[in-house]
Every structure is written in C-alpha cells, then in structure tokens.
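Here is how the chains run, residue by residue.
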Amino acid sequence: MDVDAMLLDLSVRLEDPDETLFDDPKRLEALNDAQSRLINLLNREHLTEITEIALTKTAANGTYSLLVLSDLYGSGGSISMVRYNSSGVYFTPISLSAIKKLEMTNFAPSITAPYFFVYRSKIYTLAGVTSPVIDIFYLRKPTGLVATGECDLNPKLHEILVNIAAGISWGMNEKLDRAQAALDEAYAGIKTINDKGV
Amino acid sequence: MTTAEMLTRLNSRSNNRWTPAQLYQFLNSAQDRLIIALDPLYLTEITRIEGVTGTAGEYDLGALSPEIFGSGNVDAVRFRTSGIYYTFMPFAEIKKLEIATWAPSDVSPYQYVFKNVLYLKQDATNPEVDIFYTRKPLEIESGVNSELDESLHEMIVTIAEGIGWQSDRNIPRANFAFVSAKIIIDTMNGRA
Numbered sequence: 001m002d003v004d005a006m007l008l009d010l011s012v013r014l015e016d017p018d019e020t021l022f023d024d025p026k027r028l029e030a031l032n033d034a035q036s037r038l039i040n041l042l043n044r045e046h047l048t049e050i051t052e053i054a055l056t057k058t059a060a061n062g063t064y065s066l067l068v069l070s071d072l073y074g075s076g077g078s079i080s081m082v083r084y085n086s087s088g089v090y091f092t093p094i095s096l097s098a099i100k101k102l103e104m105t106n107f108a109p110s111i112t113a114p115y116f117f118v119y120r121s122k123i124y125t126l127a128g129v130t131s132p133v134i135d136i137f138y139l140r141k142p143t144g145l146v147a148t149g150e151c152d153l154n155p156k157l158h159e160i161l162v163n164i165a166a167g168i169s170w171g172m173n174e175k176l177d178r179a180q181a182a183l184d185e186a187y188a189g190i191k192t193i194n195d196k197g198v
Numbered sequence: 199m200t201t202a203e204m205l206t207r208l209n210s211r212s213n214n215r216w217t218p219a220q221l222y223q224f225l226n227s228a229q230d231r232l233i234i235a236l237d238p239l240y241l242t243e244i245t246r247i248e249g250v251t252g253t254a255g256e257y258d259l260g261a262l263s264p265e266i267f268g269s270g271n272v273d274a275v276r277f278r279t280s281g282i283y284y285t286f287m288p289f290a291e292i293k294k295l296e297i298a299t300w301a302p303s304d305v306s307p308y309q310y311v312f313k314n315v316l317y318l319k320q321d322a323t324n325p326e327v328d329i330f331y332t333r334k335p336l337e338i339e340s341g342v343n344s345e346l347d348e349s350l351h352e353m354i355v356t357i358a359e360g361i362g363w364q365s366d367r368n369i370p371r372a373n374f375a376f377v378s379a380k381i382i383i384d385t386m387n388g389r390a
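Line by line, the protein sequences are chains C and E.
Position 159 of the first sequence, counting from 1, maps to 159 under this note's numbering, and the rest follow consecutively.
Position 81 of the second sequence, counting from 1, maps to 279 under this note's numbering, and the rest follow consecutively.
Among the hints, a few may not be true.
Partial list, derived from the structure: chain E residues whose beta carbon lies under 10 Å from chain C [unchecked claim]: (1) Ile-234; (2) Pro-238; (3) Val-377.
Okay, the calculated beta carbon distance ranges per label pair [to be verified]: (4) E:Gln-220 / C:Asp-177: 21 to 31 Å; (5) E:Asn-209 / C:Ala-181: 21 to 31 Å; (6) E:Asn-373 / C:Ser-86: 48 to 58 Å.
Keep in mind the hints are simulated off the structure, nothing from the lab.
The structure displayed is predicted, hence computed values, not measured ones.
Heads up, the beta-carbon is just placed ideally off N, CA and C, and yes, glycines get one too.
Throw the hints in and build the complete structure from the sequences for me.
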C-alpha cells in the first residue's frame, strides 16, 4: 500500500471521506506517529526491510562509536547482532546488569566466545583481542511517510499501521472508545505476529 | 522529530489548547518520565562512564559531572585497577555482607547507594572506580531538540499529551495517552 492509499484508507476509517475533520497533514502526522509506535512494538525479525549491515568496522581498543552510523534508529536497542568479520563468529549480547558473570571462568570472553554490550553511544566488545574488526547488524531510520511516497515496512504491516493511525486520530477527536478499539485491534495483531515468530 | 514538530503534534492532539511555555514544561516532564521508565539500553545517548576515586569507601554522587539523573541511575561500577565489576547490593539486603562467605574484598567488591552516596565495599580504602550512569538530559526548548533517540520522540509527545490532559483534569484523555505510552515502554523493556 503506498502512502496515498493509506491516507485514503484512513479517511474512510475515520468516517471522514471529504477530509474535513482530518486533512492530509494531520493524517500524515498520525501515520508517521503510528510507524514509530509499530517499529518500537514489533520484534526485529519483522522489520527486515529497515535492517542494515555495516561491514568491516574496526572496534579500536574494543569500542565502536554508534555516532558513525548516522542512519541508526532505536538507540542501543537497534543493534541486533555483532559478528567477527574474519571468522564469522557472532558476539553474544550481554546487558550491563549481567556483565559480572563474565568474570567467571566458564563465561570468560575469548575470540571464539566473544560478547558485546552497548553503552554511552558505543559498542563495547569483549573478545579477547584489542581491536576486533566487526560487522554490525542494526535497524536504520525508516523513511518518513509523505503523500505520493512509499512505506518502507513490509506490506503485511500496513493494515496495522493504518489502524494505529486511526486510533491516534480518534484520540485527537476525543472519541476515546473508538480510539481504544482501533488500538486494541492493532496491538492484538502485533502480539499475534510477535508470538508466531518469523 | 524536532522540537517544533513536537509542538505541532501536541497542538494537533489538543486543538491548540496549551501555551508554548506549557508545552515545553509538558515535554520536559515527559522526557524525564520516559528516562525513568526505560531500560538504559535505549538511553545510550545520555549514559556516561566517569572515572572517580572513592574516599574511605564512599563517593558523593552529587559530585559527578555531568550531573547524574537521580542516584538510582547508577548502572554499574567497575574497579579500575582490575576491571572487576562491583556486585550491586540492595540496601535492604546489606546485612548479608556480614556473613563470612559474602565478605567484600577487592576480587569480590560490592556497591550500594544510600542518601545519594555510592558506598564501595572492598579491601581498598580509596578505590579508583568507573561509574556507569545515566546523566541528566538537556532540557527541550526552542531550537534545542531532545537528545534521546528519534525512535523515542513520539513517546515523549504522547506522555506530554497525557501530562497536559492531567493538568486540565481530563483524566480519560490523560489515561488514554499514558496507557498508549506504557504499552510501548513495557514491550521495549521486555525485549532489552
């Protein structure tokens, strides 16, 4: 569904085919807000259209600045995986709250069992080498939705996106029961997609 | 989303109900609430690692620069000499450290926070440590965008809308906004 079709669909759902209550700018706002919510709610495997790989990046002294990835979307949460470029071995993500367990011999980081965490806008590698060359798998910024444009996300998500936009729009119009109904339906759809995996 | 775009969103959602000064107040309160609620994984833009020296096993968190965003936002502490991380001990469980097998040492250090002071329990009296923490964000104002990642901006707007409706005693609309944001925060934290 292109963005024009989404705009039209949204007008119909809002019972505003003449677009008097919700003009194009308002509906585009709602669609873009809906896209942001949808990306935050969905598991990463359903967002493959906006994933990227940054290849052969050197983590100097074990760190790599995320500021270099100018199209990164989602802060540290968007780094889905890190891989040794040379061996193809994947790094295990570890949270700061769990990092102490790496001091145990069984979990000691090495070139064959490397770990990474994200903090202070950097990837920290724990890999048994000083400056590993890595590949970074991450989520990029989606293209903003504009009239006559296209949506980056998978077409199977467009229906849910329009439903969230309808919920946001009904909320603006103080029709909270209708807003809640639209959002409940959208979130139920997202839960089904997340639960079933790929 | 720029600050101007955030204001436009809030004006759309409220039919231009609030003044710009109110909108900035709502946005900053919303940003603070979001930081408190979200896992640090999503706040990497405002996390810091600062090297400091404890004195007699204590460090006043008020001395951190840039300023920490609430003393509860110490994410980790590392003994710089060895690279060993301190185990966080909730204050309510501090008595455990009196048991011989839990006794703090330089290879098994503990930390806790009380009255905005970081307590460092180990052999060394004046340990050099790295404190991982979330700093206070810059205030959102005209020409100054939120420092948080763009993916969080819609949530800031939604929480700000909730705060606005709350101040107007329009509780159904406030709750609708807060619940919308909470669903997303819970999902993201569950994934972290």
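Against the structure, the hints:
1. Contact between E:Ile-234 and chain C, as hinted, is not supported at the beta carbon level, the nearest pair being about 16 Å apart and thus beyond 10 Å.
2. Because the smallest distance between the Cβ of E:Pro-238 and any Cβ of chain C comes to about 7 Å, under 10 Å, the interface hint for this residue holds.
3. Residue-level restraint check for E:Val-377 holds (minimum Cβ-Cβ distance to chain C is 9 Å; threshold 10 Å).
4. At about 27 Å, the beta-carbon gap between E:Gln-220 and C:Asp-177 stays in the expected band of 21 to 31 Å.
5. For the pair E:Asn-209 and C:Ala-181, the supplied restraint of 21 to 31 Å holds, since their beta-carbon distance comes to about 25 Å.
6. At about 53 Å, the beta-carbon gap between E:Asn-373 and C:Ser-86 stays in the expected band of 48 to 58 Å.
Checked against the numbered hints given earlier, this structure breaks only hint 1.
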